[in-house]
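All chains, full assembly: derive it from the sequences and hints.
Read off the chains here:
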Amino acid sequence: MINHKKWISSLPKINKEISKTINQLDHENSINSIPKKDSYNSVKKYTLLTVLFTCGLIFVSIVKNETRNLQKDINNLETSINLIKFNLDQAFLDHEIITSPENISLLAKKHLNIDLAPYKRSQIKQLNAENEKFTKINKTKKEKTMIQKFKKLYSRPKSIPNEIKTHVAKRIEQKKEEIFNIYHEPKSIITLEKAGKWTVVQLVKAFLGMPIIPGR
Amino acid sequence: MKNKKKSFYFDDYAESELIDNNKSNIVKVSLNKVTFLSFIFFSLILIFGIKIIYLSLSSEKSFFSNNTKKEFVKKRRDIVDRNGSVISTNVILYDVGVRPKLLKEKEKKNLLIKLGLLFPELDLNKIKNKLNKGDFFSIGKRLTPKEKDQFWLMGNKAFVFDEKPSRIYPQQSLFSHILGQTDDVNKGISGVEKFFDEDLNNKERINLPLSLTLDSNLQHLIRKELINAETDFHNIGSGAILMDVENGKILSLVSLPDYDLNQRVSISDNIYINKITLGVYEFGSVYKTFTIAAGLENKVINSSTIFKNLENSLTCDKYTITEHDKLPKNLSAEQILIRSSNIGAVRVAQRVGVEKYKDFLNTLGLFDTINFDLEEIGTPLPFVWGKCKLATSSYGRGITTTPLQLARAYAILGNGGYKIKPSILETKIKPLEKKEQIISHKTSDAINLMLRKVVSLDEGTANFANIEGYDVGGKTGTSLKYNSKEKLNTFVSLFPASRPKYVLLVMLDEPKPAPNFLYEFPPSKKFPNGYKHKGEMRNTSGWNAVVVAGKIIEKIGPILAINNLEASTKF
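Keeping their order, the protein sequence lines are chains H and F.
Residue 1 is where the first sequence starts when you use the working numbering, and the numbers rise one by one after that.
Residue 217 is where the second sequence starts when you use the working numbering, and the numbers rise one by one after that.
Calculated from the structure, these hints are not laboratory results.
You can trust all of the hints, since none of them are fake.
Mimicking DSS-like on lysine-lysine, the simulated pairs with C-alpha atoms at most 27 Å apart in a straight line are:
id, chain 1, residue 1, chain 2, residue 2
1, F, K373, F, K324
2, H, K125, F, K669
3, F, K771, H, K110
4, F, K650, F, K635
Here it is as structure tokens:
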């Protein structure tokens, strides 16, 4: 049998006073512990969310619109690039056809008046020789005509223009003076510079074994 | 009281709890709504974000109508020559059809009037009949974009446009025998288009053209001279091949008659075959070069070996072999080639012997079917070797091959004896030193010297090809066509003979004597300035094929940029 008294006495003694105060709960405390309704914060939160949502919607529609515009631009550019590429291909093809040897020879035949022919070396040589011949002939012809002109001119002294006459007369006078000077003062012609040059020439001639006085 | 208070307290607590529960429920509901809206909002952001990323990354622009685009996508690689000139390319052409069922009677009449004004070349009666029949019919095929636009601008709903990528050839008939053609679905059916079909359709290399070794300018000049030859010598056809002797690159391959590839007509006449690669012919005296070379290679003769008492004719079974002209009785090996002595060639071949001679020709690849970059390849006719066969084949009778193989054999003889593979595809080719040598340098040098004398000496048979500065060497060949009195005249030349760089083969099919042709003899010892000679009744290679070859070399020489020996010395 269980001794219930023993068990009861083993229980800790209850301080009725204390327990009373303990059991008397402060309801204020409890009420304070209930989360207060923060009306300001919730308004702020919902406003923020709404603003964000609206901004997001606007942003998305702007981005979408811009993307569409960009896509249109890209598409247009690509179309024009393709068109340019296509035209370039066509132009290349046209170029190939226009510059084909067949076409060039046809155009040459049509537009060039001269026949282009390859010249061999012997032909060019021959041409050169003939050219030289022609220039020589031309030169002699020119000289001959000049001589004939002069002959004609001097055969009739009266027909010589006065200008030429005075020019020739001046030249004759000059030469006369030079000869006169040489005759009367031969030493004046021989300058130190001239003598030096003459000596050097003679020395070189002697060194090379050439006759010092020509003709001997 | 206590209970009451307790109860009150409890009730109060319960009430506040209830109030709070209601509030929290309201907050919960609001929060759920906000979460839901936020979810939708973020979903939208996510969707648009994904779209933005997709738009920025997407290469295919499938968002807008494709009608605004005119994108040109290559379906097949271009083919270009060695200078990069396009010789085959793809363009978009259009087939235009009409659906008469979409037209009312009045519209049909209007359409006929408009077609008559814009396209006077169209047969309006035919179109009228077809319109009345009511079945779909084609009104124009392979139209250019410009022509298609003319139809399109008419604004008729009955027109149906079918876009077709088509192959076109800007050089028209210049490369007809080489390039071949494609069918309606852009598949190669002949020539290069067929042989390299897979390569030409390689999508990875679609923007890289297929480069050939051919040169449009050289091709044009050679073709032009061959066409002129038809006027001068009245031959029914001709062919020429120009090959680099060191690497086998073919710079020009002409076969006449040719045809315009853009016309797309079906040709069945044999005269239009590629004479150079597919034609198998008996070439005559050009084989004497091989006979002499075989003698030199087998060391049974040298250039100065004298053959005494050569007969004017000899008989072997039913064959009588004669000389083409009266020749001295004693000839050296060199003179046999220079003067083209048939009996002399027989004597040399007899010294060589059947087996060695056969082996030598085999080494030069004259009997096999050549491995080449085209499908149109001929096979030399097989025959049984014997005593008489040796005699006849020594001077090129009763032995056949293709011009391509003949040119290759001459190239091998000219390049120092190295084996080469003719090709029209521009690829990296091994340098000569790394190639297999099949004939000695000594034989090659001796043959080059002899071939030069065939052209340069007065007694040679190819004086007309003695073009100043190009040091041309070569051998003539005149043969009678099988079962015909007509001739096939050939001249194979190597130039510059001192160190050959190119081999040129010119072949005239059935040429006639040219009594009105003005022959211009090149300068020689006898005639330092050359001389002119009008008309000639002889119809041998020396009087036509050589003349044509000479003209060709004169024209192509500057393009080939050979060091012209004459031009390099100062005037």
